[in-house]
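Novice: The hints should help you fit chains B and C onto chain A, whose structure is shown.
Same order as they appear, the protein sequences are chains A, B and C. Here my numbering is used: the first residue of the first sequence is 28, the next is one more, and so on. Here my numbering is used: the first residue of the second sequence is -15, the next is one more, and so on. Here my numbering is used: the first residue of the third sequence is 15, the next is one more, and so on.
Derived by calculation from the structure, the hints in this document are not laboratory data. On a predicted model such as this, the values are computed, not experimentally measured, just so you know. Beta carbons are placed, not taken as given, at the ideal position from N, Cα and C, and that holds for glycine. Keep in mind that the hints are not guaranteed to be accurate.
The calculated lysine-lysine pairs, modelled on BS3-like cross-linking and capped at a C-alpha distance of 30 Å, are [as the list claims (entries may be wrong)]:
#1 388(A) x 467(A)
#2 482(A) x 79(A)
#3 158(A) x 79(A)
#4 572(A) x 40(C)
#5 479(A) x 572(A)
#6 40(C) x 733(A)
Anything over 12 Å on all C-beta distances counts as not near chain C; from chain B, calculated [unchecked claim]:
#7 32
#8 46
#9 54
Residues on chain C that point at chain B, a partial pick, calculated with CB under 10 Å [what the hints assert, rightly or not]:
#10 149
#11 164
#12 168
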Amino acid sequence: MSRLPNQPRELINRDNVIRFTFDGKPVEAYEGDTIGSALFAAGRRTFSRSFKYHRRRGLLCCAGQCPNCIVAVDGAPGTRACTEPVREGMKVEHLNAQPGLDLDVMRATDLVGTKFTPPGFYYKTFIRPRKLWPVYEKVLRHAAGLGVLRKEQPDREWRTEYRRRHADVLVIGGGAAGRRAAAAAAEQGDDVVLVDEGPFPIDAIPGVEILARASALGFFDGIVPVWQGDTLHQIRARRHVFATGAIEQPLVFAGNDLPGVMLSGGAVRLTQLYAVRPGTRAVVVATSDRGLVAAATLQDAGVAIAAVADVRESLSAAARRLSERGIEVTPGHTILEAKGGKAVDSAVLGPVGVSGASVEKTFDCDLVVVSGGFVPAMSLLLQTGAQTRYDPARGCFVVDKLPPGVTAVGDVAGVDEDGADGDSAAAAIPPPVSGAGRGKCFACLCEDVTAKDIKLSVEEGYDSIELSKRYTTVTMGPCQGRMCQLPAIRLMAKETGQLLEEVGTTTARPPWVSVPMGVLAGRPFEPAKRSSIHGRHRELGGNIKWAGDWRRAYDYGDPQGEALAVHEAAGLIDVSTLGKLLVRGADAGEFLNRLYPNRFSDLRPGRIRYGVISSDAGRIVDDGTICRIDDETFYVTTTSSGAGAVEEWFSWWLADWRLRVRLTDLTQGLSAVNLAGPRARQILSTLTDLDCSPEAFKYLDGKHAKVAGVECLILRIGFVGEVGYEIHFAAAHGEHVWDALMEAGRDHGVRPFGLEPQRILRLQKMHILVGQDTDSESTPFGAAMPWIVKLDKEEDFIGKWALEHYAIEEPATRLVGFTLGNGYVPTEGSVILDGLGVPAGQVTSARFSPVLDRVIGMAWVPSPLARDGSQITISDEGRTTEAQIQTKPFYDPEGEVLRS
Amino acid sequence: MSFLLTCPNCGVREVTDFGYGGEISPRPRSRPTLRELGEYNYFRRNVAGVQREWWFHRSGCRAWFIAERDTRTNEVLLTELPADSGNGGAA
Amino acid sequence: MSIAFLSPATAGDTAVARSPMERTAKAAGARFENRDGWNVAVEYPGEDRVRETVGFTDVSHLRKLEIQGDEVPGELGEAKREGDAWICQLTPTRSLLLGGVHAVPPDAVDVTTCFAALTIFGPLAREVIARFCALDLRPQVAPPGSFRPGSIARQPGMILVQDTDRFLLLFGWAVGEYMWSVVDDAARSLDGGPVGSPPTENQ
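Here chain A stands alone, though its shape is the one from the complex:
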């Protein structure tokens, strides 16, 4: 056991023992331990196997920064053992090693395969033969990666809550500087949120909402998503204070990834916070006073100090204080190599910049404590648009220009919080690599990128840091550059001969911490619009599908029978999804005259007219019916899918023209049903006092009447080709009116019909569906509706100029009907071939018509073919078939049924 006696700052509660398992074996820990501290205390030194070479990796930073201790907890991969608190019964497992952490067969890639795995080795090695790639891919995926997601895992079913939080000030980082900034803002009366990602609780600050154990993921144009347990806070603040601290850097030397090599901060945290002795005999190598002091902490904890090297040329006051306690610091020296098998057993030190066996010294040790200096944790800050500059004195990039509303405090701003004892001397800049040639010197632990790999990438021409990043994947692993960006930049500078400021940094991007996809998914939102009669459709066995934003009944199990019922008796369809606009005001008629190619100012109250909306390019945008209610009131319907767009289109022109028109969108406020068929008149008559006789209620009349006690607007229109009444009324009465009509029609054989039979019925009448039979190129002339364009209208109208042009220009293709004799229904979108077999049009709709007992359809065909009796060739994915053109409606071509 390496557990120490009580430490003054320890976080563990020795009275409460927690038990969990690691790779199935029981581990005992104390409350307050992390998985990492508990496993280390229990003697574990290897925590993971590396990404590419499967080398052993042990605790390094103990601060959740590096990739070395990533494990799976209860089946979920991607958790850092060093910051994850232990929980009773948790199941912790290693990642990326087969068959086990301590015996990993893939280690062979390190021992024999190194020269086969340079940067870009996927592309260099596995491209030939090409057809073997799937095999390679399988092997590579197995060999690399950081864990697997198990599909059968039950606790994958969890959900994050989104929580919107507005604030005056958001402080990121709960260290001393962050807490001071939060308290100061709160004292001024600001609404303050403080976020801290450390594993420790944060003391309350009056007036500040503290989110502890919460990670800011990024800065998205002013929104900071903060992941805290099962909540994703989306914080929108007016001001942002970054107190994200500094990150201790490793040194690049041979064997710098061996278990037992630890950052000074990691060794100190293990000792002081978890009372775990990180080793028995240590070599300490540092570039600053802040790194050196680890030697004293370790000595106090009973660790023998074998040697201390300071990269700086002269001894600082802190170094001299160490000598007072018997620790001799060797200036101007650094570490060349850490040696060992499963873990460090010795370290080789030597003078900086001088090589040769005569000047080196080897020390036996089981702990190598390194500190390559501290760099500001700027990633989040840079996402705000802050600039950086290279600080030659500190040997790293520091934040320079901050955007408005953004401040930086503490370590990230270059203020040394921990070492603020007044006399700390400047830090040294370590050599980019030392001990090269003795073994692998890792620049990037996540992705197993060595100093040599970066050298090679430069030699191969990837001589900018952004290119090298993509080629070697340096900085692209789970540490997100925390441990490797500066070492990589230094190596790039060395290999290219550039200055560090010329090399520059890679772009900081979110997310700042590894985050499960489920956290981002959050609460599921699937807005569905439902008609007020929707419940009835479900009860009637409706086949409910999405239709745009709406849930609609496509059919009730028998689309052909439903269509026939409309011809033979009556059918009832819910058309509540139609767009419905009320256009009122003194200029209402003029407004519609300007919006539609045809005329509405002369429409008489109580009458209905069909209208097609065209764009200024003369293309069909939408269609619908318009009923004039009184002199100043029009009731406009639009297609279901176009409802929102038409409302926006109307109000856009209204905003510009500023006519005396008041527009109200009634789409969701009104239910609408279409009662159609030879018995429709009788059925309706039983529910209303209105005279429904053909003389009193003619085709294209609109009437106001009570139906089943409900005030309704009844439009006599014929989309489906039989006598039909489209009944509009307040949505609160959807089921009441539906039920009344179904009941009244029962003896007449009324059937509910869905969208699919409606599509058959309207196709029989060649009534177009905008968006189905038309596209963004279709004009009213091409769509065989020249009669709808009134170019003699006194007002200018939208589309007029383009339509004047199309009125005289023969369109390349025209929309026509076709019939097929052989019962074959071509796929919608099938190609129309011209005489030379070249595609020259397409099928837009095709159905079997039960009442006509043949296949009918609509298609855009070359204009010369758009004549009754022409023969066209349809090519449906290679299958060709002949069809006859028909330009008049297939059913009731003269409209006698409709008007009866």
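Specialist: Only chains B and C this time, still in chain A's reference frame:
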């Protein structure tokens, strides 16, 4: 992309509240030539800089308004109702 | 002809008016009463439990009138109390009159069934709304009487701050069932739930 827009009616909202209506391209006041009509219908200036453009507060008051936005930074310099604006723009 | 067909039936009519959330309310165990022609959910099992946390009530039957004109009084972003009605200013020329039974302006359009409505109330009301809505409803920013049109659960909507910790949400009638599912789910995660509409419900 995420930025804030100030609806002249409703106040500051996330950009996802709004529909984008494109840059203001005035409709010809009298019959254009075919070329002018084509330019009006199909050509946009697509400036890298400050642009006057239409926005629709789709999730809120459902009114159109005009914004001046820097297309490079998404900084919105001004929003106003067309009635308060010198030119509405479309016509 | 008139636009009377926009208005739902009132007390005494044979046709009962129904909220788009009636079926979800029924599934949640609601007891219903006829109030002025509307079938209103007046009580849910165990609804007292949520008084300490957050409750929500279907008030879709609330009468809503749209008034448009050149001269619409009021301040944008605010609602004015007039008797038992609220006048909510949407644009300089458009406002909504919510509730109240007197003095229907002659030019008003009845949009009662264009908007379904829920009140969300209780100490955790703001937290519930924050789970599906980005509007800033902090008391210092949105005191009682504030009116905030904006996206609610990815749908167009409006929020009226009726009182401290009491919010009226308006949204499209056709998304009633969807909105119930969102609000119910969010409220339950904070130990809240549906509450019946009290007889003296003062909208």
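Novice: Is the interface hint for residue 168(C) satisfied, with its Cβ closer than 10 Å to some Cβ of chain B?
Specialist: For residue 168(C), the interface hint holds, since the closest Cβ of chain B sits about 8 Å away, which is under 10 Å.
Novice: What's the verdict on residue 482(A) and residue 79(A), does the C-alpha distance respect the 30 Å limit or exceed it?
Specialist: holds, 18 Å
Novice: Straight-line Cα separation of residue 479(A) and residue 572(A) no greater than 30 Å?
Specialist: Given pair residue 479(A), residue 572(A) is violated - Cα atoms ~59 Å apart, limit 30 Å.
Novice: Mind checking the alpha carbons of residue 572(A) and residue 40(C) for me, to see if they're no more than 30 Å apart?
Specialist: Between residue 572(A) and residue 40(C) the Cα gap is close to 24 Å, so the pair holds against 30 Å.
Novice: Closest CB-CB distance from residue 54(B) to chain C, is it above 12 Å?
Specialist: holds, 23 Å
Novice: Classify the hint on residue 149(C) as holds or violated, based on whether any CB of chain B lies nearer than 10 Å to its CB.
Specialist: With a closest approach of 8 Å, the residue 149(C) hint holds.
Novice: Less than 10 Å between beta-carbons is the criterion; does residue 164(C) satisfy it with respect to chain B?
Specialist: holds, 5 Å
Novice: Below or equal to 30 Å on CA atoms is what counts here, so check residue 158(A) against residue 79(A).
Specialist: OK: residue 158(A) and residue 79(A) at ~24 Å, within 30 Å.
Novice: Run the C-beta distances from residue 46(B) to all of chain C and say if the shortest one exceeds 12 Å.
Specialist: violated, 7 Å
Novice: Beyond 12 Å from every chain C Cβ: check whether that's true for residue 32(B).
Specialist: holds, 29 Å
Novice: Sort out whether residue 467(A) lies within 30 Å of residue 388(A), counting only the CA atoms.
Specialist: holds, 20 Å
Novice: For the pair supplied as a hint, residue 40(C) and residue 733(A), confirm whether the alpha-carbon distance does not exceed 30 Å.
Specialist: holds, 29 Å
Taken one by one, the earlier hints fail for this structure at numbers 5 and 8, listed in ascending order.
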